[in-house]
Amino acid sequence: KAYVKVDRVASFKIVTDPSVSEDQIDNIVSSIRLASDNFENSFGIRLIYCDSEFWPNDEPSANVLTLRKDIANNPCDIVIAFTTRQISGNVSTIGIAAAETVIVRVHKDARLQGLTLAHEVAHLFWAVHVDKDGMIMSPELKMTENSWDELNRRIIILNKYQNFHKYDFLRF
Numbered sequence: 001k002a003y004v005k006v007d008r009v010a011s012f013k014i015v016t017d018p019s020v021s022e023d024q025i026d027n028i029v030s031s032i033r034l035a036s037d038n039f040e041n042s043f044g045i046r047l048i049y050c051d052s053e054f055w056p057n058d059e060p061s062a063n064v065l066t067l068r069k070d071i072a073n074n075p076c077d078i079v080i081a082f083t084t085r086q087i088s089g090n091v092s093t094i095g096i097a098a099a100e101t102v103i104v105r106v107h108k109d110a111r112l113q114g115l116t117l118a119h120e121v122a123h124l125f126w127a128v129h130v131d132k133d134g135m136i137m138s139p140e141l142k143m144t145e146n147s148w149d150e151l152n153r154r155i156i157i158l159n160k161y162q163n164f165h166k167y168d169f170l171r172f
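Residue numbers (UniProt numbering): 1 to 172.
What the hints contain is simulated information worked out from the structure, not anything from laboratory work.
Note that the structure is predicted; figures quoted are calculated from it, not measured.
Fair warning: there could be bad hints in the mix.
Within a straight-line C-alpha distance of at most 25 Å, the following computed BS3-like cross-link-like pairs (lysine-lysine) qualify [what the hints assert, rightly or not]:
(1) K69 x K166
(2) K160 x K5
(3) K132 x K142
(4) K108 x K142
(5) K160 x K132
Could you put together the complete structure from these sequences and hints?
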């Protein structure tokens, strides 16, 4: 099902840490475009650039709670961080999401990185993992996965107008 109009805009702040090199930026931009197009075509949600910030994290791995402490999402709705480091000390993790914040590990394939980003942003709309091959919300993404399962389609549509700023008074 393709949406014919955009009726929700979610703004994002893009964040990179010292591990990301300048030659990886084009790949990052392509993956953001892919994820945004996916959300727009599937749910009528457009992801738009709002701000950028450098995350001077020098830890051996990227941690979403540390990122939340270091980088505020305001004035944007969500923070999308890119790193080449391990995420939360796990070598197999390629993305993680929590509290209006997403971290994606940079990958040479913009399509896989875009699917990872779409998967993680979907968690911010309360999407859950499903044990079905070929679905974006499968816990282990593969290059063949490019569709939304009916459960998560309904969850995202139900939560598409959520307020990303309702807990701004809390600092993690």
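Hint numbers not upheld by this structure, sorted from lowest to highest:
Result: no hint breaks.
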